[in-house]
Amino acid sequence: MSEFQELIKNFSKCRDYVRDFFVYGFKSRADFSAKSGRTYDDERRRIESWLGEYVKADYGAESDAASGNKGRSKNISLQMDSNLLETNPLYRVWKTKSFTDNDIMLHFFLLDILDDGDPLSITELADEITARYEVVLDSQMIRRKCNEYVKEGLLQTQKSGKTTLYSRNITWQELTTDTAGSVLDAFECSCSDNLLDALRFYQLSAPFGIIGSTLLDNQKTVNAHFRIKHSFFVHTLEDEIVLELLQAMRKKCSVLAFCQSNKNTDMRREFGVPLQFFVSTRTGRRYICMYRTTTKRFLCLRLDQIKKVEQKEQFPEYNQIYEKLLKNRGQAWGVSFQGSNQSREQRLVLTLHIDEAKESYILERLRREGKGGCISHIGNNTYTYETEVFDIQEMAPWLRTFIGRIVSVETTNRQFSSRFQSDLEALYQMYEID
Amino acid sequence: MTLFSEINNCYYQIVYDLITHTSPLTREDIANTINTLGYEESILYLLPKLIEDSDTSWNLFTMEDTVYQPKVHAALTIPLSELQKSWLKALLLDSRIRLFLSEEQLHLLEGHLKECEPLFYPQDFYYYDAFTDGDSFEHPAYRENFRILLSAIKKQQYVNLSFQSHHNHRIHHWFLPCKLEYSIKNNRFRLLALEVRKHSRYRFFTINLSRITEIIPLEQYAKYTPDINRYIKRGYHKEPVTLLIRNERNALERTMLQFANYEKNTTRIGENLYQCEIYYNKSNETELLIEVLSFGPMVKVIGNAGFLKQLRERLKRQKEMEGNFID
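As they're listed, the protein sequences go chains B and C. Just so we're aligned: the first sequence equals residues -13 to 420 in this note's numbering. Just so we're aligned: the second sequence equals residues 382 to 708 in this note's numbering.
Since the hints were made in silico from the structure, they are not lab data. Treat the hints with care, since some could be wrong.
Claimed, not checked - Quick list of simulated restraints, FRET-style, between CB atoms:
id	chain 1	residue 1	chain 2	residue 2	range
1	B	Asp341	C	Tyr602	41 to 49 Å
2	B	Phe173	C	His547	26 to 34 Å
3	B	Asn133	C	Glu498	15 to 23 Å
4	C	Met702	B	Ala43	23 to 31 Å
5	C	Glu445	B	Ser(-2)	41 to 49 Å
Claimed, not checked - Cut-off 20 Å, straight-line C-alpha distance, at most; resulting in silico cross-link-like pairs (SDA-like, lysine to any residue):
id	chain 1	residue 1	chain 2	residue 2
6	B	Lys313	C	Asp510
7	C	Lys690	B	Tyr414
8	B	Lys282	B	Tyr308
9	C	Lys681	B	Arg405
10	C	Lys566	C	Ile671
Claimed, not checked - Which residues of chain C face chain B? A partial, calculated answer using Cβ under 7 Å:
id	residue
11	Phe385
12	Leu474
13	Leu489
14	Gln545
15	Leu561
16	Met637
17	Thr648
18	Gly677
Even glycine gets a Cβ: it sits at the ideal position worked out from N, Cα and C.
Next comes chain C alone, as it looks inside the complex (with noise of 0.2 Å):
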């Protein structure tokens, strides 16, 4: 079993989606699909090999007229691999896996992939930082939620949502349910989800979905998607935070790695001496303090001067008590 297969290549993805067409394609249409699934350069290789007529084309057409009419059946299925059933069968036995499976649905699967060793189990990998106050999957009130909410998710289905606060008050209002954001480090889900205000404006929220009481789906739909996109960023600080790191033991390393989930910007300003601008939402923003107090002095903040600020006072705080250090 290896990973870095032709049968997953993207080309082959373009063919497949090619060839199961229903009706007869025009070169524009082959064009179009290259485009769309394949990479910047494809269509050079690409085109040639599927509509030319010559030695080196791959057969998988016949051109009638001006359109290509694929030479294997529509219906056409790619079975599924080894590393693809393997893979499946370790889903099964993950905790959250019944948030999406009903008993019998699971049982229907570890049926057809009996004969099949996981790819992994649960226990191969050891979160050894992970927040230990997880969500509790298993309970059944929370995934009913999980599933109204999927479900609210994909119909675009307003629901009537009560959730308890960080500041522990009752909340009840009327939402349009956009993404469920799983985060590893807290193994938790959160509902992203937009908040019906006056004149059919929205404000964004991040609800953790073991506060909800309940949810009371609607009988109204969003006629379009909203794009979430634009209301997370709107969360955003203008001013990015940046650093200046020298590269002493293994900082620049360290940082690289540990910052690389967020969008970042490094350039090299001497030597040994990095500039790092590191882009973050407001609502993350004492989270990203406290990673890059864990840093000491081999990180230090140069703006913006808010995040500056909050960093300066954390240290006179601790200065005033400093002085206590016993071995």
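Next comes chain B alone, as it looks inside the complex (with noise of 0.2 Å):
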């Protein structure tokens, strides 16, 4: 039997458990069924390790009849308040990558080797880790690593006859300073400080926040200044996946697309050339917006759902498809770019009963939300809000938010009339108002 081991070599294995205990955190052990039940105790061994100040444990339902089980069953969830937080704690599930005694000793041998600058050839580096440090380490595994660190962008390499002499690279002191030392700004803070600060900020609010997060590491500080609201913590755990598809579209190339959804296990492939990355900052969904060549359609996949990225070819027509989606996007409400009637545009009037003397913030709201929506005043406290989008069934969340204050809703689309009108009938019913 295998000893238990807190880091881990591959991310996609510990992906969905995270996931899952964050997002749902009510499921149990029977519900990992894809795996074993060993495997799902190390990864709850695991993510307890790593989160523990994070991890709650509740004892499900007596009989828990979705699930299959017999008596109570331990439930483990992730319980953040993203409000009250100055960082990711889901970043630390990135920094759990296994490696060996060797990879740890010639990290920092190495990087002590070359701290001042100096390039070295690899019959050097290798004579100066016995020197210094009294060890042997063989020089094809000092060459490996070297490399390694050349392509992580750690190390440099140049010629010197046919020897290939070793050097660092840039340093965070080296960036933030020029050859006169510190660019003070207005306030007497050094660049250094203010870049300091942009990255407290920025590993909570922007793409790839993780990275800021090694970047403070190094620094050894922390942030204490900012806050975020409305972040979806869990969106880390695709930022692999993001990395990839960000790759095919520097390069302007098609990719293959592995998708998985929670209703079906059922591995989906989808081919097509990545766009644009689409976000939500309300729903906690984000997509990456494709062009699928065999049907000529916009086509958005969940982040969340893909699995694996494989590059294609290059698509000659990125420039003129990525244009074509600027143009496009504008009329979809969301991420559709098709209603279920199959007809290109559909049409919305939005009747409300607004206080003017009172509810100007509604008026605001259809502003800042409507997507540029026609605002007309018609009467008196009374208003419409009129657009045309791909699918109107993507309005309808947001149409429910005006609940209280409707006046009429009127589509070109009837069974979304119909659909929108039954649901607040059963909504009356279920909170019995006569």
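Please dock the two separately framed chains into a single complex, following the hints provided.
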């Protein structure tokens, strides 16, 4: 039986467990039936070790019919209130990659020897390691690690005759100073201090915040000044997929994405040209908008459902299609480029009762959330909001936020109108509104 | 370039912290650092690797008497990786970067990173439902206020602050700025501050930066950093909102994702039926109410009483107006 290890080789293995514990938090051991019970136990123990202070264990209902459990099952959840935190605790999951004894020794030995900036050959590095640290390491192993660090960007190479020399790359100190020293701003703050403040902010708010977190680690500092609202910490788990898609986008290449939804365990393959990430600030969903070459249509895939990406060949009309997307996306309310009844665009007129004296904030909401729809004052305390979108169905959640003020909803989609009305009836019934 | 790399490993970070200590370390010092920076079980693996004299130890320290002396020099700096540089380059393109950096500093960084491709461009990410009335980050007065507040937060310095309230009242008072909060949805900053009241008591305030008209830093400083979370939590409703979720039209997944940025507790109470408790700040009640309403009949509120009452009132008002849906 192998010994339990806190570190892991493969990120994707733990991605689904962390996500399920964080997003759902009610699943028990029996719900993770795709893998063995032993795998679940190891993953759970690791997550408890990484994120202990956020882990909460509950016991499910006596008989849990849906999961097929008999008796009380232990459920693990990750409880975080993003408004009260100064970093994303899920970044810890990115800092768990396993390594060998030689990996860590070489890391510090090489960076120590090369710290003064002078370039050295592999032979010189091997000699220095033996002399300074009394350790004999194979020169092939040293070469492999050096080349790996050249790819990572920590080291750079230059040639001296036929010999390759290695030196370290730019450091934080060098990045933030010029030849004359510190560059101070009007507040007498150095570039280093200001950039650290920027990192403290962006590690919470920018894509790939995990990278900012590693920079703060290296500078041995943390964020104590910034907070974030409306942030979905779980997005960090998709960052490796985002990185692969971005690399394809930079090269204007198509990709084959392997997707799996929660409803269906089968892996679905989607081929297309990735163009832009579509992010919702409200629903917690992120998508990659792709151009599907077979149907000649735009398609948005949920990032959390993409398990793997394979980069394919370059797409010659990338720029034209990207421009087309920019032209079209204004007509999409969310991520759908085609309505259910196949019509090109669907029209909606929403009439609202707004108390002009007391409820000007509702008008403000229409302006800032209405994506350029036309707002008209049609009578005393009565306004219309009018728009045309590809898929009116996507507007339903937003329209429901005006419940209590809706005078009428007129649309060109009969099915939508009747669903909207029947949902309202269901709400009246649910809350016994006479 | 890969994100999941051992160079970002937490154990590497612990070792880096230890070996760059300027003074020798005791066994206890090493154990304390591992326990502070590491995971719950890290000490079991790391301590023997660092202090034992065996074939599998890492040879990073020499033992002299009872203390450990790092073999590498204390001023060791870790070079920036390609991924870190390209991420920093991407930040330089962001509209908010000038809140932090002067033009000269920006120019310096651009020069050092000129060979590097940005990891992403702002236009790679389209926030399709973000509000369109965000803050004017490029406005000089806004930038100046941001910098004064950030500086005051760092120094725990009191400020004399004037701002326009939501009801258009002009408020002028002494505050201790504590945090700057950024909302992704609103694309705006808010100051989380404590208003100074009589007998050294504080009252928690949230102020939109765009509403601040004047800030005068005072020559007075707080002796300690107040625990802002204690004040924020006072604003939390004692009882959570409790939702019943019937998993139809993918409602379970949709609600779980949408409410993932709240502290919540979900249990399965029957076949296809779930109960979810959401803990929330009273100041966010209306926002949560309309979020719940957006799910329609897929979600039923069963508590707390105050939240349920507000929801029923909206539905009652709606019913009075209904019957006007025209195809």
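Hints versus structure:
Distance hint for Asp341/B and Tyr602/C: a CB-CB separation of about 46 Å, consistent with the stated range 41 to 49 Å. Checked against the hint of 26 to 34 Å, the pair Phe173/B and His547/C passes, with Cβ atoms roughly 30 Å apart. Between Asn133/B and Glu498/C the Cβ separation comes to about 21 Å, which falls inside the hinted range of 15 to 23 Å. Distance hint check for Met702/C and Ala43/B: the Cβ-Cβ separation is about 47 Å, which falls outside the suggested range of 23 to 31 Å.
Here the CB-CB span from Glu445/C to Ser(-2)/B is close to 45 Å, well matched to the stated 41 to 49 Å. For a cut-off of 20 Å, the pair hint linking Lys313/B to Asp510/C stands: about 17 Å separates their Cα positions. Between Lys690/C and Tyr414/B, the direct Cα distance comes to roughly 13 Å. Compliance with the 20 Å bound is thereby established for this hinted pair. Restraint check for Lys282/B and Tyr308/B: the C-alpha separation of about 13 Å stays at or below 20 Å, so the hint holds.
Between Lys681/C and Arg405/B the alpha-carbon distance is near 18 Å, which keeps this suggested pair within the 20 Å criterion. Distance restraint check for Lys566/C and Ile671/C: the Cα-Cα separation of roughly 15 Å lies within the 20 Å cut-off, and the hinted pair is therefore satisfied. Of the supplied interface hints, the one on Phe385/C holds, with its beta-carbon coming within about 4 Å of a beta-carbon of chain B, less than 7 Å. Hint status for Leu474/C relative to chain B: violated, with the closest Cβ pair at about 11 Å, above 7 Å.
With a least beta-carbon distance of about 5 Å to chain B, the hint placing Leu489/C at the interface is held under the 7 Å criterion. Nearest Cβ of chain B to the Cβ of Gln545/C: about 15 Å, over the 7 Å cut. The hint is violated. Interface hint status for Leu561/C: upheld, as the beta-carbon distance to the closest one in chain B is roughly 5 Å, under 7 Å. Nearest Cβ of chain B to the Cβ of Met637/C: about 5 Å, under the 7 Å cut. The hint holds.
Nearest Cβ of chain B to the Cβ of Thr648/C: about 5 Å, under the 7 Å cut. The hint holds. With 7 Å as the threshold, the beta carbon of Gly677/C comes within range of chain B, its nearest partner Cβ sitting at about 4 Å, so the hint holds.
Violated hints, listed in ascending order, are 4, 12, 14; each of the other numbered hints is respected by the structure.
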